[in-house]
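There are 8 protein chains.
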Amino acid sequence: MNHEELKILLDQMKDGKIGVEEVIEKITYLPFTDLGHTKVDNHRELRTGYPEVIFCEGKTIIQVKDIIAHMLSGSSNILATRATPEMFDAVKDISRDAEYHPLAKTITIRRKESKPPDTYIAIVSAGTSDIPVAEEAAITAGIFGNTVKKIFDVGVAGIHRLYDNLAEIRKARVIIVVAGMEGALPSIVGGLVDKPVIAVPTSIGYGASFGGLSALLGMLTSCASGVCVVNIDNGFGAGYLASMINKL
Amino acid sequence: MNHEELKILLDQMKDGKIGVEEVIEKITYLPFTDLGHTKVDNHRELRTGYPEVIFCEGKTIIQVKDIIAHMLSGSSNILATRATPEMFDAVKDISRDAEYHPLAKTITIRRKESKPPDTYIAIVSAGTSDIPVAEEAAITAGIFGNTVKKIFDVGVAGIHRLYDNLAEIRKARVIIVVAGMEGALPSIVGGLVDKPVIAVPTSIGYGASFGGLSALLGMLTSCASGVCVVNIDNGFGAGYLASMINKL
Amino acid sequence: MNHEELKILLDQMKDGKIGVEEVIEKITYLPFTDLGHTKVDNHRELRTGYPEVIFCEGKTIIQVKDIIAHMLSGSSNILATRATPEMFDAVKDISRDAEYHPLAKTITIRRKESKPPDTYIAIVSAGTSDIPVAEEAAITAGIFGNTVKKIFDVGVAGIHRLYDNLAEIRKARVIIVVAGMEGALPSIVGGLVDKPVIAVPTSIGYGASFGGLSALLGMLTSCASGVCVVNIDNGFGAGYLASMINKL
Amino acid sequence: MNHEELKILLDQMKDGKIGVEEVIEKITYLPFTDLGHTKVDNHRELRTGYPEVIFCEGKTIIQVKDIIAHMLSGSSNILATRATPEMFDAVKDISRDAEYHPLAKTITIRRKESKPPDTYIAIVSAGTSDIPVAEEAAITAGIFGNTVKKIFDVGVAGIHRLYDNLAEIRKARVIIVVAGMEGALPSIVGGLVDKPVIAVPTSIGYGASFGGLSALLGMLTSCASGVCVVNIDNGFGAGYLASMINKL
Amino acid sequence: MNHEELKILLDQMKDGKIGVEEVIEKITYLPFTDLGHTKVDNHRELRTGYPEVIFCEGKTIIQVKDIIAHMLSGSSNILATRATPEMFDAVKDISRDAEYHPLAKTITIRRKESKPPDTYIAIVSAGTSDIPVAEEAAITAGIFGNTVKKIFDVGVAGIHRLYDNLAEIRKARVIIVVAGMEGALPSIVGGLVDKPVIAVPTSIGYGASFGGLSALLGMLTSCASGVCVVNIDNGFGAGYLASMINKL
Amino acid sequence: MNHEELKILLDQMKDGKIGVEEVIEKITYLPFTDLGHTKVDNHRELRTGYPEVIFCEGKTIIQVKDIIAHMLSGSSNILATRATPEMFDAVKDISRDAEYHPLAKTITIRRKESKPPDTYIAIVSAGTSDIPVAEEAAITAGIFGNTVKKIFDVGVAGIHRLYDNLAEIRKARVIIVVAGMEGALPSIVGGLVDKPVIAVPTSIGYGASFGGLSALLGMLTSCASGVCVVNIDNGFGAGYLASMINKL
Amino acid sequence: MNHEELKILLDQMKDGKIGVEEVIEKITYLPFTDLGHTKVDNHRELRTGYPEVIFCEGKTIIQVKDIIAHMLSGSSNILATRATPEMFDAVKDISRDAEYHPLAKTITIRRKESKPPDTYIAIVSAGTSDIPVAEEAAITAGIFGNTVKKIFDVGVAGIHRLYDNLAEIRKARVIIVVAGMEGALPSIVGGLVDKPVIAVPTSIGYGASFGGLSALLGMLTSCASGVCVVNIDNGFGAGYLASMINKL
Amino acid sequence: MNHEELKILLDQMKDGKIGVEEVIEKITYLPFTDLGHTKVDNHRELRTGYPEVIFCEGKTIIQVKDIIAHMLSGSSNILATRATPEMFDAVKDISRDAEYHPLAKTITIRRKESKPPDTYIAIVSAGTSDIPVAEEAAITAGIFGNTVKKIFDVGVAGIHRLYDNLAEIRKARVIIVVAGMEGALPSIVGGLVDKPVIAVPTSIGYGASFGGLSALLGMLTSCASGVCVVNIDNGFGAGYLASMINKL
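Here the protein sequences come in this chain order: A, B, C, D, E, F, G and H.
Note that numbering that gives the first Met the number 0 has the first sequence beginning at 0, numbered continuously upward.
Note that numbering that gives the first Met the number 0 has the second sequence beginning at 0, numbered continuously upward.
Note that numbering that gives the first Met the number 0 has the third sequence beginning at 0, numbered continuously upward.
Note that numbering that gives the first Met the number 0 has the fourth sequence beginning at 0, numbered continuously upward.
Note that numbering that gives the first Met the number 0 has the fifth sequence beginning at 0, numbered continuously upward.
Note that numbering that gives the first Met the number 0 has the sixth sequence beginning at 0, numbered continuously upward.
Note that numbering that gives the first Met the number 0 has the seventh sequence beginning at 0, numbered continuously upward.
Note that numbering that gives the first Met the number 0 has the eighth sequence beginning at 0, numbered continuously upward.
The hints are all genuine.
Now the in silico label distances, taken between C-beta atoms and shown as ranges:
1. E:Leu165 x H:Asp117: 27 to 37 Å
2. A:Glu56 x B:Arg169: 28 to 38 Å
3. H:Asp117 x G:Leu247: 50 to 60 Å
Covered stretches of chain B (in silico footprint by chain A; criterion: 3 or more residues with CB under 8 Å from a CB of chain A, positions within the stretch not fixed):
4. 194-201
5. 223-229
No lab work stands behind these hints: they were computed from the structure.
Owing to the predicted nature of the structure, the values given are computational and were not obtained by experimental measurement.
Even for Gly, the Cβ is constructed at its ideal location relative to N, Cα and C.
Isolated chain A (complex conformation) (with noise of 0.2 Å):
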């Protein structure tokens, strides 16, 4: 709530349009609903544009299902990510709509079908190995009403696999590019494009992979502009992002 509103809130008060109890209320309002083990944010849609996504690891299987339960009584699209088989069987009992995608290890629920922008989102992935972060993201870009289009097993080690599908890269409005190991994809890619590229480090790899750090800092030395980085394997934050662009 800015300047402006305040005041157009105060001077309707002050001409008795609306009540002082009103006037709390929206100024104080408690945007959320506490379920006692977790505290759901329903304004969070209204503040950044998307609904809240339920990470899942670390939640026991009743703490998923009361949250996605609370979700269910308003009417956004509901995503669950880093989600077990089991917890979507629980899911399953109160939602006949929900679906799991196993690769991805999400659970989406969608519940009101949005037009999706003309433009598309490339998510780009350097080996097979690397293909359920880029699910994620994948499954992400989709249920927030976008679409996507993937070009998978295109790593540096036979880069004339990427040169093929280079074309359809340089169309998208933003890439998300997929990368274990020494992550250099997102430098190729980065320098060969005119659209933001958000590179995805996974931990795929051993020994010097340090669970994904090569990736990560390579990543974020890239020598290429236009380049930025989110967390080892968070094909979520990824997607998120891209959504984010691909509706500006």
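Following the hints, position chains B, C, D, E, F, G and H against chain A.
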């Protein structure tokens, strides 16, 4: 060059409209100029939408001057980052339009004025000491033809300073957030806006800051969505990416 | 034993009021009981104001039971942290008053009730997944005779949830803030209150969280003053220190 | 501003006792002064009980002078840490009461004298080289109106030096322990007292000290309870927190 | 084989006392037996004063049994560390004298009894959880013919437990100190004795212990002189070195 | 395809010897087969001299089987590393010639026999526990048509075992040295031979080995010249590179 | 000296052809010259095929001069790396043939000219700032008698610059690839050639480059086969190894 | 003071042989002198067998001079490490016997000559650049009354230089091995001798040496037994411990 373009080119050659050598030149022409020490990438603007930018650190004054001299034969705006005053003196000799920005340590040569987009980029910084990095981002976004609004020194220790400027931040098309130490500001901003947030960790801090590592890790693990990260102290990278997004 | 006390003791001996052996015993008496594997520190309560607490990780069920059996011969409240349900079963056999707190993984045996101070300890946590650590802090502060108020799931991604509870937080005498991932919450709280803040990083997170390192570094480099830090996941340490401060 | 205060304010406005603009000002008035490079946080003393402190590292002499000049328009005591002698020279020009403490590298301007609490803060340091950090803590606690007792050079290699001073340490209300290298002293002190211990790791040491990392990790993993940790070399933070606890 | 020995050998050969082949054998004879997977080092006792010890981690049960079977053809005492109960079962089949020490996870086969030196080795450990590492050191020192005195659970949180045992520690010829977490005990002991201290960091701890790193760094940067360090959890290495020093 | 080749191709087309589509196909033909999850790189043998190798870690059994099924339509020898016995069972169904090497965890399908070079590759390993990595290198070098000599368990603790085998090592054309723990063996070997040494750090060790980091750093900082390093546990990479050098 | 050689020698002695002392000398003669501070390794060329190279960092000017003075008594080409201009001045006094290469910071004294192999070494570098390391490699390979082709400034941000030079790179017998920042170039090159690639990470970069760590980890985890790695900034090591391979 | 001594003392007092104050003084007398900045530990020689040693790094010239002036009132030999020439100039003013050792950067004042043990300490160093650390160890061992034999520049790249000196090394009672870079020398020496080896990693090296970390980790994970480690560059600590062992 994709399949369609290649077909057209070859058909033209087959029809005798253009010669073999001309086709070869089109396909293989070196899109760079070799200065001996440096291969200036002439086609980068065509390929990525932006001219090559000179990263001066680790280059000699002569090398910087050579590269800029070559680029002056084109017509793009010129940006050199991490430049010393001595480098600027040398550049001044070959271009009277060169300007030096001491805080941001950048040289700019503005040669064509493009109408900026109606939207603007907000650059938010946490502390006074983070200003040089924030300024590098501002100069970069500016030279690439964007309107920039700066909101400096609004770090989380006095978070009301941020709230007072929130309306202006929220109206931006894309937001750069620069912070050192614990790097918490992007998380706060990310939770309050519906626009992409580009987080820039700085090396400001001491002890457990470990040269910006604490801010970097904090930004990567941000619990707010819609936040991406560039390298420590990489104001240029943030300004470049923000420009890309602002102009979509 | 300081200079004055020693003089009194020796004067008494010189005057024949007490014997040499008695003095020796007073000076050198072992203030611990040796169980073979463990030397239980009987005088810790005298020395530090708190009885010894059993850290169960790395101990066998037998060892935990032995130590508690010995401590039951005294009259202090008993606290065992990082205890498994199996350990609790063994302890239950020797004390019907033993209680197990599954989330906090602690065993408590309450044997004397002391009037708590009028002031209270606020325990603030960032996310649902941080609750086990926050609960360990709460149980610890409680068994040591403090009133605790819990404000859970008010992390920085929806910072208004924090503001709604700010009055209650500000009225506490000392505040524990538990957070994983980027660990930004203590910085925010620290900038809004005039009370000591004990920050507890948790190992919640993935990728660049590196097992709690990102939260730990973030809290150590907090730009808010009045914030101190304990070990990753060390809810006990925070509850213990908060109790100490609350009772000053 | 909480619910009750807001209701009173709005009721007053409704009753015509105060105007709309006055309410707006009360709600949204900027509690800081914008110096361009810095937003001085005027209300911090109201909010956190302490005036803003100037961290000089990374600021220019001009900036430091500007900030202090502004703060001199108020009446709080002024503290600037990590200040150079050159900064002090500039500050001396605008305040004859300014004092410089070369070991602690701090500037203080004492402008009001408050009666200190009856209790005192003990500052214990391990070695001669740790004194600058310990002095920063002492100056900080002093300017905020506390009595300080210093017990320096009592590190664990000659632990009897600590025992000789134990009575004085035990009588303090809160204890700051400063140590570099292996940082073992807080563990020892923490096991001998019944007061909160604030541990300050220093960057003193070489080789495997890794700039204070060894002391930091040692203090975080201390087996003594009642110990909390601040950043490496953060004497200011320890003094500030100790003052907060001493004045509870 | 040094110069003198070589000369004698060659002179003997020249004088016809021994043959060429015999000399060759003496010079080049393989002082190991090749088991295919392992080359057992038969001459290690001659060279270093100690027979080869079997580190079982990463070896199969068959390999361990093979190596021990070969060593039983000699007459040395046999020590196998990090052995599983299953390995012991296999070894038991070929040597009825084999003993298993479950805490220390070692197998010993005692085959000759040597008179131990009059002096003894003190093994001091900080906490109950450090006992397995301390026991590995004790078993190692014992099988190599030393008298060992164990002083367990005397960590720095209750430092008086150490003082009570100080006389016995000071009378040892060499002292092993085993500690996890902050690893401060070797510094304390090192400041109180005039004997070599071998510090063994353990992986006991959590959070910022980082698998023993905090204890390791603390011990390496100890401010007490006369302290050296072996690898994390390397009780064997400490017992071996202590035996070497005790027998000098 | 370089300039000359392109000119010939285009001249042929101009002369009508080949058609436009044929040229396009030659230039742009996809040198990979898309299996959905994987793009098999058919031309890798042409480009790099070696067929694609399947890294099985992180792939499903189905994916591994699919890729091998596709490769069986070619005629190259097939190598799959980090394969589980379950993967082998699936592969066995489609190729009776498939062999599994349990220690090296590799699947090989030998389909054409090439005459190996006269020179051989020496594979030297430090300890019994390093054998699996050494075997992966041996299988890799073997399937690519090289003669391999294995010299195992000659680590620096009994360096005479190395000397006894030095002649055989020195006669190799290229030497692979596999070692964990401190990784000193490549330095020793590198100082004794006049052939390239490929050092492979292994994750064997504990404590300060940090999963192979100690061996890796030791090999990178080797004071012997002529030593290069591959990733931790990367026996395949070493075998591949050695084959490349052996066949030059 | 192997078994056969030893037998011949001893047989000769037995037959009186050579004396005992002569044999001893042959077996034990010191193949180095002791300069007090340094033991110059005279036989290294015999043993490893290359003369000793002087690493000047950490040596005094006098020491460097002494070592070179001694080596001038032999006839090998002389190479000193990491040499300062002051060292060169001192060396110039004793050898008029000494040359200094300022970029590479090396001193060479060419004393015999050997016919280089027909094949050549390609040295590829990513950026202008990487040239000093690449030049060190070039000087090293040159002084050891190899033909070198340099392809500089072809980093991945403008990957077409690499493709334009690919034919020349592919024709080399061995390829050195020098890159800082994310170090992606060796992966690209490795995927395009059928020759060994020696990757050299440089310390060029800032922030998350951590002194070359990002490039180092990226190269070690390269998904291209046939790539090995030397130490950060170790141009010498790469040139040395490349020479070894080129001369096989 | 142990139980027996205390009993004797108290019995004497009871019998009137000594007074109460005298007993108090004996028990509580401060065994240090407080210089303000430093508490000189007068009883350290009684307690640990060695006088206090001055570590000069981080101390001012005045402080060093003060401490030495105080120690000159005693009769012990004096050792100051990491001393600058300026410190020596100041010390020279108060003691004509003071000597400065520029390589080792130590000041010694020899005041009493004790007969050294018959056995000696061998100090082995790997490279010319490691000599300063080795010299610090030599000076330390010397001032504490030991015979030292130095064997310098025998690193593993030319391992025959070590073998030539092996007899002298093997005859020592304890061996110090100093090495930087990969730090492999202690492993080699440890496998060849039957005496304790004290390994000293140095910060010599570059790139992946990370300031001595590679050598430190290598020495800690040495596969040779009988090896212990002190801090990076800690020549003093090694010399001190070696003296302790040599004098047992």
